[in-house]
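Fit chain B to the given chain A structure using the hints.
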Amino acid sequence: MSFNSIVLVKQVPDTANISGQVMKDDGTVNRALLPAIFNHEDRIALEFALQVRDNYGGTVTVITMGPPRASDVLRECLFMGADEAYLISDRKFAGADTLATSYVLSEAIKKMGNFDIIFGGRQAIDGDTAQVGPQTAEKLNIPQVTYAMSIEGLNKDSITIKRKIEGGYEVLQAKLPVLVTVLKDAAFPRPFKAKRVMAYKNAKTLLELEKLVEGNSLLYIDQLKDEYIQKHIYIKTLTMDDLQLEVERCGVAGSPTKVHKVESVVLGAGTHEMIEPNKDGLNLLIDKLMEDHIFG
Amino acid sequence: MIQRNKEVWIFIEQRNGKAADVSLELLSKGRKLAAEINGTLKSVVIGHNVSDLAKETFRFGAQEALVFDHPALEHYRTMPYSKILNTLVDEHKPAIFLFGAKSGLTADCTDLQISDVKYLRNEYKDLLLQIRPAFGGNIIATIIAPDVATQMATVREGVMRLEPLDVPAEGKITNIPFELTPFDEIVTIIEQHREENKVNLKAAPIIVSGGYGLGSKENFMHLHELAAVLGGEVAGSRAAVDAGFITSDRQVGQTGVTVRPKLYIAVGISGAIQHRAGMHESNKIIAINNDPEAPIFSVAHYGIVGDAAQIVPMFINVFKQKLR
Numbered sequence: 001m002s003f004n005s006i007v008l009v010k011q012v013p014d015t016a017n018i019s020g021q022v023m024k025d026d027g028t029v030n031r032a033l034l035p036a037i038f039n040h041e042d043r044i045a046l047e048f049a050l051q052v053r054d055n056y057g058g059t060v061t062v063i064t065m066g067p068p069r070a071s072d073v074l075r076e077c078l079f080m081g082a083d084e085a086y087l088i089s090d091r092k093f094a095g096a097d098t099l100a101t102s103y104v105l106s107e108a109i110k111k112m113g114n115f116d117i118i119f120g121g122r123q124a125i126d127g128d129t130a131q132v133g134p135q136t137a138e139k140l141n142i143p144q145v146t147y148a149m150s151i152e153g154l155n156k157d158s159i160t161i162k163r164k165i166e167g168g169y170e171v172l173q174a175k176l177p178v179l180v181t182v183l184k185d186a187a188f189p190r191p192f193k194a195k196r197v198m199a200y201k202n203a204k205t206l207l208e209l210e211k212l213v214e215g216n217s218l219l220y221i222d223q224l225k226d227e228y229i230q231k232h233i234y235i236k237t238l239t240m241d242d243l244q245l246e247v248e249r250c251g252v253a254g255s256p257t258k259v260h261k262v263e264s265v266v267l268g269a270g271t272h273e274m275i276e277p278n279k280d281g282l283n284l285l286i287d288k289l290m291e292d293h294i295f296g
Numbered sequence: 001m002i003q004r005n006k007e008v009w010i011f012i013e014q015r016n017g018k019a020a021d022v023s024l025e026l027l028s029k030g031r032k033l034a035a036e037i038n039g040t041l042k043s044v045v046i047g048h049n050v051s052d053l054a055k056e057t058f059r060f061g062a063q064e065a066l067v068f069d070h071p072a073l074e075h076y077r078t079m080p081y082s083k084i085l086n087t088l089v090d091e092h093k094p095a096i097f098l099f100g101a102k103s104g105l106t107a108d109c110t111d112l113q114i115s116d117v118k119y120l121r122n123e124y125k126d127l128l129l130q131i132r133p134a135f136g137g138n139i140i141a142t143i144i145a146p147d148v149a150t151q152m153a154t155v156r157e158g159v160m161r162l163e164p165l166d167v168p169a170e171g172k173i174t175n176i177p178f179e180l181t182p183f184d185e186i187v188t189i190i191e192q193h194r195e196e197n198k199v200n201l202k203a204a205p206i207i208v209s210g211g212y213g214l215g216s217k218e219n220f221m222h223l224h225e226l227a228a229v230l231g232g233e234v235a236g237s238r239a240a241v242d243a244g245f246i247t248s249d250r251q252v253g254q255t256g257v258t259v260r261p262k263l264y265i266a267v268g269i270s271g272a273i274q275h276r277a278g279m280h281e282s283n284k285i286i287a288i289n290n291d292p293e294a295p296i297f298s299v300a301h302y303g304i305v306g307d308a309a310q311i312v313p314m315f316i317n318v319f320k321q322k323l324r
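First to last, the protein sequences are chains A and B. Heads up: the first sequence is residues 1 to 296, going by my numbering. Heads up: the second sequence is residues 1 to 324, going by my numbering.
Okay, chain A solo, but in the shape it has when bound:
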């Protein structure tokens, strides 16, 4: 009994470490200046998939939709232990909201062949919508289990999962194939394996190989690609045409939600009264609060 897993991963801007320069004068965000990181919960999703493979056998395939530089997170997946990685990238995917993103991901998954379980992080830290996983399941017409804490059981027909709910947890049994989104505390992601880092640090997407060819007249793209495939360091790369997608369902065109306005957060001058940081100051403050009947 073995299981083939697909893991949805995303490269995200590190929103926890935004410096002043990142904010433009017009209040928009200069994404190019933001450090790009592996969305943490997606790393937990990969750990879940790797544990399924450790325990039962099978394969782990990771997939991301993003700009060319998103290949960084795919290499990290290969370092952790993923068998295969796909970059889904096309200029026409830019500006996609969750609906357009889940359309592209679900179409890519349909073309990737049979799978038993799709894992993903609960949400990405840049949008916090927690929608791409559920929408992908809907489009694939398979059941979904969100907020997973642990896998309690797995057999050839079904998976049993403990998931977080408000105030506690519930245990669900779902028929395979299924999509599961996992919580950040659900597992510890394993470290990179030194051997795998050596093996995959030069793994490249088609877009990266094309860049190499651009600057070197002695290289031919097909030849180079074959070479990378033979060395098992080719990251499969799919564009809109490869996936035969409907252009009006991709990117900005396929996104019903629009950002109407973005404002930087401007602080009001504030009109607070300063209180001296000593006993007299606090005496005065507490008197005022008592006058206002704040206590009791």
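Just so you know, these hints were derived from the structure itself, not from any lab. We treat Cβ as the ideally placed atom computed from N, Cα and C, and that holds for glycine. Incorrect hints may have been included.
Unchecked claim - Among chain B residues calculated to face chain A with C-beta under 10 Å, some are: (1) R15; (2) A134; (3) G137; (4) I139; (5) A141; (6) I143; (7) P146; (8) I186; (9) I190; (10) E196; (11) I206; (12) A287; (13) V305; (14) G306; (15) M314; (16) V318.
Claimed, not checked - In silico lysine-lysine, DSSO-like type, Cα no more than 30 Å apart, as pairs: (17) A:K110 / A:K225; (18) A:K261 / B:K32; (19) B:K6 / A:K261.
Stated by the list, open to error - Label-pair ranges, simulated between beta-carbon atoms: (20) A:P191 / B:E281: 41 to 49 Å; (21) B:L165 / A:N55: 53 to 61 Å; (22) A:D280 / B:L165: 45 to 53 Å; (23) A:A194 / B:K93: 54 to 62 Å.
Frame of chain A; chain B shown alone:
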């Protein structure tokens, strides 16, 4: 351009036949949104034995309750619930459909407004503006969905005010039959374990809240003492929760609880927009911080610049002396 009807729908989340607070808060807000577009407010109730609950929504202004009552619907399950809602929305296409949630599209709105909008050379009438902090709180984004029939958004509990009517609306209950199919049972609930939330920050008249600036769990203990003396509850910012100073059920802010106590004391909290969004409507706010430039002072009524580790014990002593 898309023609919208004038219906505002609220999904009523229920457990054991009782509506979640957030759903009643959204009915209160939805009533105002519906008034602005001269529309009608409807509740969507899914569950088992939920007719009392459907009537309860009239007290918050619903003019019609669309009810799906079936034993298989007693507990939330994604498959049957989403099938019901998909079918219903496809058929009736409400202009606005709001859900209580901790995530969703557009998630965690801190405000909802109705406005005419000019977007890409088109003029749109009565769009739903979905307003929320984004990008780590550095920006406030306004999201619209101009070209779809149904505009959907999610809001967390506590963000909107609970405002029941003195006289319930004259509502009508519309029961809609539900047919169970095998696909609805593809996921089954084996076990549920729930502990009722012991903390109720929303109801606390006084909240003493700490941030990362307190530096240690030991310093945080002073806040527990202050809260006990004042008869309040202890809370914290997201940074304090992440640092392990306090549990996440006591987190105030956009991704935690929104509170409006009589007194909010923010200690060692710098005051990122996400935190301020969850407390700025408090009646009185005291900010204690050693950084006079901290954004928390912009929403405070009283500001104390200094070391919290000294000021909090002093506050406790001075207050105790007053009580004598």
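State the violated hints by number, sorted upward, taking the hints as numbered earlier in the document.
none
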